[in-house]
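Asker: These are the residues of each chain, in order.
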Amino acid sequence: GQNIDQPTEMTATEGAIVQINCTYQTSGFNGLFWYQQHAGEAPTFLSYNVLDGLEEKGRFSSFLSRSKGYSYLLLKELQMKDSASYLCAVSGYSTLTFGKGTMLLVSP
Amino acid sequence: GAGVSQSPRYKVAKRGQDVALRCDPISGHVSLFWYQQALGQGPEFLTYFQNEAQLDKSGLPSDRFFAERPEGSVSTLKIQRTQQEDSAVYLCASSLAGGADTQYFGPGTRLTVL
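As you go down the protein sequences, you meet chains F and X in turn.
Counting the first sequence from 1 gives a position; my numbering is that position plus 6.
Counting the second sequence from 1 gives a position; my numbering is that position plus 233.
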């Protein structure tokens, strides 16, 4: 089976840095994805990690430790438009299993 | 090019009605996925196609749910005799290949069963 945990909500201030954690226990692992989802919209791809370490892409970075079943998404220089739900998803043999999402609220 | 499109965007059905939800994947994408997303939750897997073959339907909640992709492109998710608990957003995603390839999502169909 699959079990993915991430915080329900987080708040942060514009311009700050925030780290969203994700822990997982899965029966198969082919990589970990992060998606961003604004209310009423489709999830959009942010990052993919399959090897341990940090992947950096502009203001967003994602880290993976397979031995610990742990990942985080780091968002720098927060902007108001970053207010959204952030979904951690583990890729099994052919499908994605999602966490419940972390709702991030960025305030001025 | 165009992304994944879904229609209708919103559907209201009376309990007991049948509904059909359509997904147009990105052109050339081999794999197509259906997910169900309840309010405040992450998407939950329903079923997966590779071309026209339905390789995994383990997430379909009951035999009232049926999906097809007869020509390996457009897919339809059908729900028979809808119940209130079927109210959710139904998301479609496609990927170029399969396995751990990145999935690209459509905007979803919001189904409300009264």
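Accuracy of the hints is not assured; some may be wrong.
Within a straight-line C-alpha distance of at most 30 Å, the following computed DSBU-like cross-link-like pairs (lysine-lysine) qualify [what the hints assert, rightly or not]:
{"no.": "1", "chain 1": "F", "residue 1": "Lys106", "chain 2": "F", "residue 2": "Lys63"}
{"no.": "2", "chain 1": "F", "residue 1": "Lys106", "chain 2": "F", "residue 2": "Lys74"}
{"no.": "3", "chain 1": "X", "residue 1": "Lys290", "chain 2": "X", "residue 2": "Lys247"}
{"no.": "4", "chain 1": "X", "residue 1": "Lys244", "chain 2": "X", "residue 2": "Lys290"}
{"no.": "5", "chain 1": "F", "residue 1": "Lys63", "chain 2": "F", "residue 2": "Lys87"}
{"no.": "6", "chain 1": "F", "residue 1": "Lys87", "chain 2": "F", "residue 2": "Lys106"}
{"no.": "7", "chain 1": "F", "residue 1": "Lys106", "chain 2": "F", "residue 2": "Lys82"}
{"no.": "8", "chain 1": "X", "residue 1": "Lys311", "chain 2": "F", "residue 2": "Lys74"}
{"no.": "9", "chain 1": "X", "residue 1": "Lys244", "chain 2": "F", "residue 2": "Lys82"}
{"no.": "10", "chain 1": "X", "residue 1": "Lys311", "chain 2": "X", "residue 2": "Lys244"}
{"no.": "11", "chain 1": "X", "residue 1": "Lys290", "chain 2": "X", "residue 2": "Lys311"}
{"no.": "12", "chain 1": "F", "residue 1": "Lys106", "chain 2": "X", "residue 2": "Lys311"}
{"no.": "13", "chain 1": "F", "residue 1": "Lys87", "chain 2": "X", "residue 2": "Lys244"}
{"no.": "14", "chain 1": "F", "residue 1": "Lys74", "chain 2": "F", "residue 2": "Lys63"}
{"no.": "15", "chain 1": "X", "residue 1": "Lys247", "chain 2": "F", "residue 2": "Lys106"}
FYI, nobody ran anything at the bench for these hints, they're computed from the structure.
Asker: Against each hint, give a clear statement of whether it holds in the structure.
Answerer: Consistency of the hints with the structure:
At roughly 24 Å between alpha-carbon atoms, Lys106 (chain F) and Lys63 (chain F) fall within 30 Å of each other, so this suggested pair holds. Using a Cα cut-off of 30 Å, the hinted pair Lys106 (chain F) and Lys74 (chain F) holds, with the two alpha carbons roughly 20 Å apart. Between Lys290 (chain X) and Lys247 (chain X), the direct Cα distance comes to roughly 26 Å. Compliance with the 30 Å bound is thereby established for this hinted pair. Of the supplied pair hints, the one linking Lys244 (chain X) and Lys290 (chain X) holds, its CA atoms being roughly 23 Å apart against a limit of 30 Å.
Distance restraint check for Lys63 (chain F) and Lys87 (chain F): the Cα-Cα separation of roughly 17 Å lies within the 30 Å cut-off, and the hinted pair is therefore satisfied. Between the alpha carbons of Lys87 (chain F) and Lys106 (chain F) the distance comes to roughly 21 Å, so the proposed pair stays at or under 30 Å and holds. For a cut-off of 30 Å, the pair hint linking Lys106 (chain F) to Lys82 (chain F) stands: about 23 Å separates their Cα positions. A hinted pair counts as satisfied when its Cα atoms are at most 30 Å apart, and Lys311 (chain X) with Lys74 (chain F) does not qualify at roughly 40 Å.
About 38 Å separates the Cα atoms of Lys244 (chain X) and Lys82 (chain F), which puts this hinted pair outside 30 Å; it is violated. Among the hinted pairs, Lys311 (chain X) with Lys244 (chain X) is consistent with the structure: their alpha-carbon atoms are about 13 Å apart, no more than 30 Å. Between Lys290 (chain X) and Lys311 (chain X) the CA atoms are separated by roughly 13 Å; this keeps the pair inside 30 Å, and the hint holds. Proximity of Lys106 (chain F) to Lys311 (chain X) is assessed by CA-CA distance (about 25 Å); at most 30 Å being required, the pair is judged to hold.
The suggested pairing of Lys87 (chain F) with Lys244 (chain X) holds, with an alpha-carbon distance near 28 Å, which does not exceed 30 Å. Distance check on the hinted pair: Lys74 (chain F) and Lys63 (chain F) sit about 23 Å apart at the alpha-carbon level, within 30 Å; holds. Distance hint between Lys247 (chain X) and Lys106 (chain F) is fulfilled; the C-alpha atoms sit about 28 Å from each other, no more than 30 Å.
Of the numbered hints stated above, those contradicted by the structure are hints 8, 9, listed in ascending order.
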